[in-house]
Amino acid sequence: MTEAFIELDGVEKVFEVRRRSGRRLRRERCTVRAVDGISFAVPRGEMVGYIGPNGAGKSTTIKMLTGILTPSGGRLRVAGIDPSRERTRLARRIGVVFGQRTTLWWDLPLRDSYALVRRIYGIPEARYRANLERCVELLDLGALLGVPVRQLSLGQRMRGDIAAALLHDPEVLYLDEPTIGLDVVSKARVRRFLREVNSEQGTTVVLTTHDLTDIEQLCRRVMVIDHGRLVYDGGLDGLHAVGESERTLVVDLERELPPIAGVPGARTVRVDGPRQWLAFPAAASAAPIVSAVADRYPLVDLSLREPAIEDVIARMLESGEGRRSAVP
Amino acid sequence: MRLYGAVAASSFRRYATYRVATAAGVFTNTVFGFILAYTFIALWSIRPHLGGYDQAQALTFVWTSQAMLAAAALLGGGFQQELQERIRTGDIAIDLYRPADLQLWWLASDLGRAAFQLLGRGLVPLAVGALCFDLALPSSPLVWLAFLASVLLGLLVGFAVRYLVALTSFWLLDGAGVDMVSGLLCLFFSGSLLPLTVFPGAFGDVARMLPWSAMLQVPVDVLLGVNSGAGLAGSFAFQGCWALVLLAAGRLLQGLATRKVVVQGG
Amino acid sequence: MVESPVVQGLRAYVLIVGMWIRSTMAYRTSFALTVLGNFLVTGLDFVAIMIMFWHTDVLGGFAVAEVALLYGTASASLGLADLTMGSASRLGRRVRDGTLDTLLVRPVPVIAQVAADRFALRRLGRVSQALLVLVWALSSLEVAWTPVKALLLPVTVLSGAAIFGALMVAGAGFQFLAQDAAEVQNSFTYGGNTMLQYPPTIFAKDLVRGVTFIVPLAFVNWLPALRILDRQDPLGLPGWLDFAGPVVAVGCCFLAGLAWRAGLRSYRSTGS
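Sequence lines, in order, name chains A, B and C.
Residue 80 in the working numbering sits at position 80 of the first sequence, and the numbers go up by one each step.
Residue 1019 in the working numbering sits at position 19 of the second sequence, and the numbers go up by one each step.
Residue 2123 in the working numbering sits at position 123 of the third sequence, and the numbers go up by one each step.
For the record, the hints were derived by calculation from the structure and aren't laboratory data.
A quick note: this is a predicted structure, and the numbers were derived from the prediction, not measured.
Just so you know, not all the hints are guaranteed correct.
Said to hold, decoys possible - Among the chain B residues that face chain C by a calculated CB cut under 10 Å, a handful are: (1) 1018; (2) 1024; (3) 1081; (4) 1179.
To be verified - Coverage of chain A stretches by chain C, computed from C-beta distances (three or more under 8 Å per stretch; other residues unrestricted): (5) 60-70; (6) 90-99; (7) 106-113; (8) 214-223.
What the hints assert, rightly or not - If you want the ones that stay clear, here's a sample from chain B, every Cβ over 12 Å from chain C, calculated: (9) 1012; (10) 1019; (11) 1020; (12) 1040; (13) 1082; (14) 1089; (15) 1192; (16) 1194; (17) 1210; (18) 1258.
Even for Gly, the Cβ is constructed at its ideal location relative to N, Cα and C.
Chain A on its own, in the form it takes in the complex (with noise of 0.2 Å):
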């Protein structure tokens, strides 16, 4: 039995918000759950995603785990540690990416940033050179240390970031959208990074992202949050079952024409003019789907859409019995 690395027990984040009705000055207070009763527990070195609609508490949830936010009820503890009683104790032990928020010195070289990062940590000198050189190795960082982080696209800056967060060994990292915006190139670079990371030093990982992708080639575990509850917790091929997956295929016709129909194992799910828009399980082929409307209508274009995270979610709270939706 591992010993449980994160540990939430029945915590609870509880807002006081003040919200203007109507177009009068009157304000009426109210009370909004963010986080309403979760339940969960990390072991050492596991990497979870940590995924839901917008709103649905993830943050929240994030930062009591940091320490930045104490939490309104509830029991949480991070290796041990009380993190809104001890944050600063607490925050040598971890590191925290924030997707889009830089904390990289704009107008100086790269490696400037890691140097201040070694002085507030007070990491030790041959620890920090080691660190550092994995980190520029496995990131492909080289070239980038003597550059103004001001002149690095978006994805170098997420590596220079990820980079800034591990240099003085955290035990857990946390990341908040690590590969929002970044290409196809930076991403794979990025998670190839995280696995690496996350097998070869036994860093505990938590990730929220809106990108499927990263969870399927990530995590083995993934925890879906709606409304402030923990709506599943398990494995990525069992929340696939739960919410039955589909990629679409867009097709757009030369002219307008009736739903696309008699092409097996997908069905026409939505008609916009000559765009039609076909539904099929994800874990199917696209080929036979494509070669059977191809032979049969007048193609101009075609494209293939990914299942969104947001959609997988929308369809397993949808299925899901008495659970309200998750698209507002």
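Got chain A sorted already, so can you dock chains B and C onto it with the hints?
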């Protein structure tokens, strides 16, 4: 015309949503009003008719200028940074292709802002000043109307100057220097530190001829009724001339800038 | 290796300040221009005072050199506080755009990071301008210098800076609750500075009482400067209070620390 009205209205509403900032600003203007009022009392008790004002008029000058400070953007604020940012990022190209005139668009937006700040940031400090000190506020509604007209002309001049400054960003990579000089001149020569009528000798004569005096000094003088009849017409003419000249200069510079963007970025 | 949070904070502060100075030096021309601009802008209010003295020899019973002493001490204190702590007034913006969170996951006190954030060396403009006026004031005043008075002057500037700095930190604590309220603290810092540049004799007694007993700005320079100038203070306070600046400064810093903590705690429970 309706388009620009809508732009102004939306700008007014945008500033109206910053409630806390407005309240904080009112607080600051009021605090400064008190401090400056006492320094003016000290000076005018020694020199009772300095600059042609009696003490009540000098105090009215203090509180009116605190009330106008935000609206006239004498300490910065307003549209200038926003426009400069759009020029720097190149987003300005989008604005140039819009079926609206760039200068009028920003003018409408700035007037909307100023209208809100005149009400939101102006009324309370002026009221507090009137409650705590003997002010020489006019009783005739006609004088107030003339004041508002003069404020409007002052806003036009202020806008025209800042528009020119912002447009220099088309040619200067780093506008910090120009911004700085412009802010300095505005702070000093608008009369927001000390009435221009108190500036000594030829220095004062020159200061009163410069466009910055149209932004604060002239409107306050109109409110104080320093000039009436022909003098009042002269004040309006002074402001109007500067507004025309500077707006026209802005138009000219805008033409050059557009040509530059079209040639380089087309 | 366990360091006290104070040592950690100071170390981090120095490190981050160093980073910002180097960042600034990436744009040298702009830096030089803004230092000069800062020098001139802060000098304008002294020009206004000089214009006042064009029309009179005394203001509130004080001669121009005496007012210059008040101006120099207050402005130098504010300049030093602004240089070292002024960035704390940007806290509201950091809360609004969510970047405060990146500071909360680092193992150093947040206040040190916030104070060092965007450290602007150009603020030396105000300090140098104030010191220039101060030097001029000292050279034209005829003060009966004693060792106590000579010591009182630098102590005054430093404890004044600490009082202004405390106001800035307390203001930052308030911005956790009201993110757009940066102007409120400006009333006390910049407004206070404007007030302290003039003799206390020109203000209403109640106002002077307010800045003595409620927001203790009078200890920034008024009371000690009156002692140096051998003048009575308008409230007739006991003489030893003229030397209370450092004690008041420590008290202010303590209270500011409490305000900051309360603000941070409220942020962490509400997340704003």
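Earlier hints that do not hold, by number: 3, 8, 10, 11, 12, 15, 16
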